[in-house]
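Asks: Residues per chain, in single letters:
2 protein chains.
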Amino acid sequence: MDKFSLSSYRVNPKKFSLKQIKPDDKSARTGDKTEDLAILAQLTEAINERQDVLHAKAEHKVLLILQGMDTSGKDGTVKQVFSACDPLGIRLASFKAPSEDELAHDYLWRVHAQVPRKGELVIFNRSHYEDVLIVKVHDWIDEAEAERRYQQINDFERMLSESGTTIIKCFLHISKEEQQERLQERLDEPAKHWKFNPKDLDERALWDKYMQAYERAFQETSTDYAPWYVIPADSKTNRNLLISRILLQALEDLPLTYPGKPKAWNKLVIKD
Amino acid sequence: MDKFSLSSYRVNPKKFSLKQIKPDDKSARTGDKTEDLAILAQLTEAINERQDVLHAKAEHKVLLILQGMDTSGKDGTVKQVFSACDPLGIRLASFKAPSEDELAHDYLWRVHAQVPRKGELVIFNRSHYEDVLIVKVHDWIDEAEAERRYQQINDFERMLSESGTTIIKCFLHISKEEQQERLQERLDEPAKHWKFNPKDLDERALWDKYMQAYERAFQETSTDYAPWYVIPADSKTNRNLLISRILLQALEDLPLTYPGKPKAWNKLVIKD
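Chains as they are written, first to last, in our numbering: chain S, 1 to 272; chain C, 1 to 272.
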């Protein structure tokens with residue numbers, strides 16, 4: 001899969017409709033599961049190698065934002081795409097319902113505190129986008145406030161980009177039917193009970209409003225410096241292959257090389 | 001290797017001398033490298049499985065503290081022992097030279113901020129022990145202050161333990177000769193230059209004072225609730241096998257099971 005085909009999952013804000021991308025699309029797969037998994041293993045290993053140089057060079061910053069409905073596979077993506085990665089160079093930041101202290105600040109406060117430092121690859125499991133999604137679906141903010149926030153988010157992300165951060169935003173796009181199956185699994189399988197939250201059903205009832213809020217957010221905030229990708233995610237393998245390719249491409253686009261050796265070190269002797 | 005043999009690496013504070021444990025000891029190895037690596041792969045997978053339940057149950061907290069001289073393999077341990085672990089449930093906290101803000105607080109302040117929450121396994125790469133090691137070797141604190149700190153550290157760790165934290169402290173014990181080889185490698189191999197810091201040579205010159213400070217710290221702070229283990233670490237495989245076994249044992253000693261299903265959920269139906 002080359003850059004061109006990856007770009008077909010990238011949101012072009014001027015003419016984007018969520019209908020353009022089907023949740024059950026499996027174009028990233030070969031049709032042979034064993035081959036898919038072998039390719040995925042190669043991709044995760046290649047990501048691990050590039051991430052090692054990212055860490056060693058300690059100059060660039062990479063931020064991967066994962067958004068999606070409940071059960072869309074945010075946790076699973078982290079587990080599988082980063083399975084080969086050294087914990088030294090990656091960090092996961094999960095954003096749940098804000099605490100009292102967090103609510104007492106602006107919504108970008110807790111997010112800014114978690115952005116990557118030089119050499120770091122940080123994954124956001126949910127993000128500041130919840131502040132134009134769940135709050136909009138429930139009418140906790142009005143349209144004027146939503147529009148201010150789209151602009152604030154674009155300004156914030158542009159500042160991060162101008163400060164050396166590569167930003168990739170992925171929406172894990174599942175169908176409502178797929179979510180039904182996955183929620184049922186959580187109810188049925190003992191090792192998955194802990195993931196089930198009855199409140200998820202309340203959000204599920206608002207599915208259509210969520211899709212509208214996501215579509216609008218993509219139209220307003222998919223920029224050159226922080227593009228959105230919509231990832232067909234009914235197939236977990238398709239999802240993992242696509243996200244791995246997008247991330248690897250971003251890492252390959254960075255001028256990453258191991259730092260050289262200062263001349264002064266040539267005189268150094270390590271004594272007994 | 002059973003519990004009994006692991007205990008021979010555990011510091012008994014009443015009669016401990018660092019001389020009891022040789023850096024080049026390889027007793028954890030089988031003598032067959034391929035078999036060692038297969039065992040290590042099984043151990044890391046078993047750790048990953050237990051850590052998944054730790055995360056799901058979200059009740060217990062686990063803290064692994066790694067200390068050791070430069071090049072002793074703290075980074076390598078993290079990379080290899082946790083290679084199979086899901087980034088969701090583990091977190092790495094690295095403590096470097098303190099910032100101005102950190103120095104303006106007590107030395108436990110930045111450490112306390114990073115302790116594990118329920119369900120989390122946190123690895124400390126260096127720790128509050130630097131505050132009775134490097135500062136003592138350089139005589140930045142006097143003996144009276146060192147003694148106050150041993151007691152403060154024991155009190156702090158007891159509080160963490162009483163609040164549900166399993167604490168494991170590992171010293172990666174390498175010989176001065178092994179450090180010489182590893183520093184030379186960092187000077188010689190382009191992919192390792194970035195790990196070399198000329199200042200490490202200044203600390204190397206203080207080797208004996210460091211060993212005294214470590215020995216004293218182990219005698220003063222190896223407790224029932226937060227024991228020290230001295231890990232022979234000239235052999236990386238020996239080191240990885242031992243730390244994996246100690247960690248797995250600690251996880252197996254916890255009553256970890258996936259959370260059950262509330263009866264109320266039996267009535268739930270997930271609608272279209």
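I should point out that these hints are in silico values taken from the structure, not numbers from a laboratory.
Where a beta carbon is used, it is the ideal one built from N, C-alpha and C, also for glycine.
Take these hints with a grain of salt, some might be off.
Derived coverage of chain C by chain S (criterion: at least 3 residues anywhere in the stretch with Cβ under 8 angstroms from a Cβ of chain S; other residues may be distant) [said to hold, decoys possible]: (1) 20-32; (2) 69-79; (3) 83-89; (4) 178-192.
Asks: With reference to the structure, classify each hint as holding or not holding.
Replies: Here is what the structure says about each hint:
Remark: the region 20-32 of chain C is not confirmed as covered by chain S, as 0 of its residues place a Cβ nearer than 8 angstroms to a Cβ of that chain, below the required three. Residues of the region 69-79 of chain C with a Cβ under 8 angstroms from some Cβ of chain S number 3, which satisfies the need for three, so the listed coverage holds. Remark: the region 83-89 of chain C is confirmed as covered by chain S, as 6 of its residues place a Cβ nearer than 8 angstroms to a Cβ of that chain, reaching the required three. Only residues whose C-beta sits within less than 8 angstroms of a C-beta in chain S count toward coverage, and the region 178-192 of chain C has 6 of them, enough to reach three; the restraint holds.
The earlier numbered hint that this structure contradicts is number 1, and it is the only one.
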